[in-house]
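These protein sequence lines map, in sequence, to chains A and B. Position 48, counted from 1, in the first sequence is what the working numbering calls 48; the numbers after and before it change by one each time, with no gaps. Position 213, counted from 1, in the second sequence is what the working numbering calls 213; the numbers after and before it change by one each time, with no gaps.
Hints listed in this document are in silico derivations from the structure and should not be mistaken for laboratory results. Ideal placement from N, C-alpha and C gives every residue a C-beta, glycine not left out. The reader is advised that the hints may include incorrect statements.
Cβ-to-Cβ under 10 Å is the rule here; a few derived chain B residues that face chain A [what the hints assert, rightly or not]: (1) R124; (2) R125; (3) N126; (4) V143; (5) A144; (6) P146; (7) N147; (8) T149; (9) S150.
A few chain A residues that face chain B, going by a derived Cβ cut-off under 8 Å, partial list only [to be verified]: (10) A46; (11) D50; (12) P61.
Some chain B residues flagged as far from chain A (calculated, every beta-carbon gap over 10 Å) [unchecked claim]: (13) Q37; (14) I40; (15) A47; (16) A72; (17) A73; (18) H110; (19) S120; (20) V261; (21) I271; (22) A290; (23) T320; (24) A323; (25) A362; (26) E386; (27) E398.
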Amino acid sequence: MIHVCALAELPRGTARRLPLSPPVSVFHTEDGELYAIDDTCTHQDASLADGWLEGCEVECPLHAAIFDLRTGEPDGLLAREPVRTHRVVVEADAVYVVLAGHDALEAAS
Amino acid sequence: MTAAHSALGHSAPGQPAPGHPALDEHPPPGQPGLGQQSLIRTLPGSAYTDVPVFAAEQERIFERSWTCVALAADLAAPGAFRTVTVGRESVVLVRGRDGVVRAFLNVCRHRGARLCTEESGQLRRNLQCPYHAWTYDLAGKLVAAPNLTSMPDVGRDEYGLLAVHLREWLGYVWICLAPEPPSFEEDVLGEVVTRLGDITAIESYGIEHLALGRRITYDVAANWKLIVENFMECYHCATIHPELTEVLPEFADGYAAQYYVGHGAEFGADIAGFTVDGSAGAERLPGVSADQDRRYYAITIKPQVFVNLVPDHVIVHRMTPLAPDRTVVECDWLFARDVVAAGRDLGPSVELFHRVNAQDFAACERTQPAMSSRAYRDGGVLVPSEHHIGQFHSWVAERLA
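Just chain A, with the same shape it has in the complex (with noise of 0.2 Å):
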């Protein structure tokens, strides 16, 4: 698991970069729900945490692709590429992310 922040640090309606390669990101929505995906939009390279959060969506700001936080996949018009889902945590007040394919990793070691 990797160590975001505090919960406190990331309020709703907002998003949190993690500079790993390829960067993720990490959004809490209004509803009180916590994402995490790839943060790099398929379509361009820009900061989907950078984006518009509305509901379970992300909007890049670039060119307006919309990416689903709960599936990774684009809307289709500009990006055509989904971007990876990571499984977030939340122990003690805080954020964890465990990226896509390390549950299986974890669980067999």
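Please build the complex by placing chain B on the supplied structure of chain A, with the hints as guidance.
Coordinates of chain B only, in the frame set by chain A:
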């Protein structure tokens, strides 16, 4: 035109320009003062046609003064924008998500493309350059750009849009492009005090609470100074403004009783309202005092605003010089909100000053071509009731010096 007959002419008291008579000790209308010549010179014709002169005016007058560029209500909701021209610059006005109106030079910080090319509109999210998609929030900060995250050394405030000084007053947005703007209180409010004697005299009209009833834009083929000069004198009133002199009989004297601070031209005895046919207009605005009733006041706020006050509405002219021989004038007729909301017939009220505008601008357009004539190489002359125009010429000359 009327506005200025009483406007600048009236706002002229104070220090007379060198070589021009003090208006406080003005002679009877139509006669020069003791020892004064009847006729004094205007500017030479070249001042109205030369490209270098115009460029200097753009730089030293319009880019350094407070200029009135929009009605705040034109930017109704967050994301509403307008592009305006001030001097040689394009400026974008935008209302932020916090409700605050801001002004920025309309230039992308990346490679200089013009950000907003439309005159007005509604931004969905951000201000985005159509060239490489550099994207700025409504407060001007750079929020996104292709590959920006791989350029962590790029300061998002440092490469934000360049902000322009802004004030809101009378429900209008005023901006100044100068890095260090002149005092708004002295340059803008001061013109009102000079003309009306007291800032409360304009506040009583509650202009910031009025609504836009009508806007007409005039594209005038004349130098901006001809338009100001025309506003400043009423020597032409009896000749070209029959409707106006019917409503304000004293304007027929050519002086418009504009020498006394705080004087408004009185409606004729048989005039019910400031309308094209003298019929009653809307109800008197709630704050307008009894001594302001049935009177017309006008203020010129140099270099590009004329404010006209009548009991039931306010008319505001804003000028944008675009070339030595081209000036766009936007004229707003503002009425009480309930009058506009009720869909009352504003026609007779609007028609009066629309005719005055059309008459004045036609006169200016008739004059412009002659500015390059051999006959006007050394300029023309000002009669005594126009001598105060010399103060405006001095004001211009001081700024170009």
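Quick rundown of the hints versus the structure:
The restraint placing R124(B) at the interface with chain A holds, with a minimum CB-CB distance near 8 Å, inside the 10 Å limit. Residue-level restraint check for R125(B) holds (minimum Cβ-Cβ distance to chain A is 6 Å; threshold 10 Å). Annotation: N126(B) was flagged as interfacial toward chain A, and the flag holds, the nearest CB pair being 7 Å apart, inside 10 Å. Taken as an interface hint, V143(B) checks out: its beta carbon lies about 5 Å from the nearest beta carbon of chain A, inside 10 Å.
Proximity of A144(B) to chain A holds as hinted, the smallest CB-CB distance being about 4 Å (cut-off 10 Å). At about 5 Å, the closest approach between the beta carbon of P146(B) and any beta carbon in chain A falls short of 10 Å, and the interface hint on this residue holds. For N147(B), the shortest C-beta to C-beta distance to chain A is roughly 5 Å, which falls under 10 Å, so the interface hint holds. The criterion of a C-beta within 10 Å of any C-beta in chain A is met by T149(B), whose closest approach is roughly 5 Å, and the hint holds.
Proximity of S150(B) to chain A holds as hinted, the smallest CB-CB distance being about 7 Å (cut-off 10 Å). Because the beta carbon of A46(A) sits about 6 Å from the nearest beta carbon in chain B, less than 8 Å, this interface hint is met. A least Cβ separation of about 5 Å between D50(A) and chain B falls short of the 8 Å threshold, and the interface hint therefore holds. Taking 8 Å as the C-beta cut-off, the interface hint given for P61(A) holds, the closest approach to chain B being about 4 Å.
Listed as outside the interface, Q37(B) is consistent with that label: its C-beta sits roughly 68 Å from the nearest C-beta of chain A, beyond the 10 Å cut-off. No Cβ of chain A approaches the Cβ of I40(B) within 10 Å, the least distance being about 61 Å, so the stated non-interface status holds. Remark: the non-interface label on A47(B) is consistent with the geometry, its nearest Cβ contact in chain A lying 49 Å away (cut-off 10 Å). For A72(B), the condition that its CB be more than 10 Å from all CB atoms of chain A holds, with the nearest at approximately 26 Å.
Look at A73(B): its CB is around 27 Å from the nearest CB on chain A, clear of 10 Å, so calling it non-interface holds up. At roughly 13 Å from the closest C-beta of chain A, the C-beta of H110(B) stays outside 10 Å, upholding its exclusion from the interface. Non-interface status of S120(B) relative to chain A is upheld: no Cβ of that chain comes within 10 Å, the nearest being about 21 Å off. With 10 Å as the threshold on Cβ separation, the claim that V261(B) sits away from chain A holds: the shortest Cβ distance comes to roughly 55 Å.
Remark: the non-interface label on I271(B) is consistent with the geometry, its nearest Cβ contact in chain A lying 57 Å away (cut-off 10 Å). Against the 10 Å criterion, A290(B) stays outside the reach of chain A, whose nearest CB is about 54 Å from its own CB. The beta carbon of T320(B) sits about 33 Å from the closest Cβ of chain A, which is more than 10 Å, so the claim that it is off the interface holds. Against the 10 Å criterion, A323(B) stays outside the reach of chain A, whose nearest CB is about 38 Å from its own CB.
Interface exclusion of A362(B) from chain A stands, the closest Cβ pair being 49 Å apart, more than 10 Å. Against the 10 Å criterion, E386(B) stays outside the reach of chain A, whose nearest CB is about 58 Å from its own CB. At the 10 Å boundary, the C-beta of E398(B) stays outside the reach of chain A, the nearest C-beta of that chain being 48 Å off.
Checked against the numbered hints above, the structure violates none of them.
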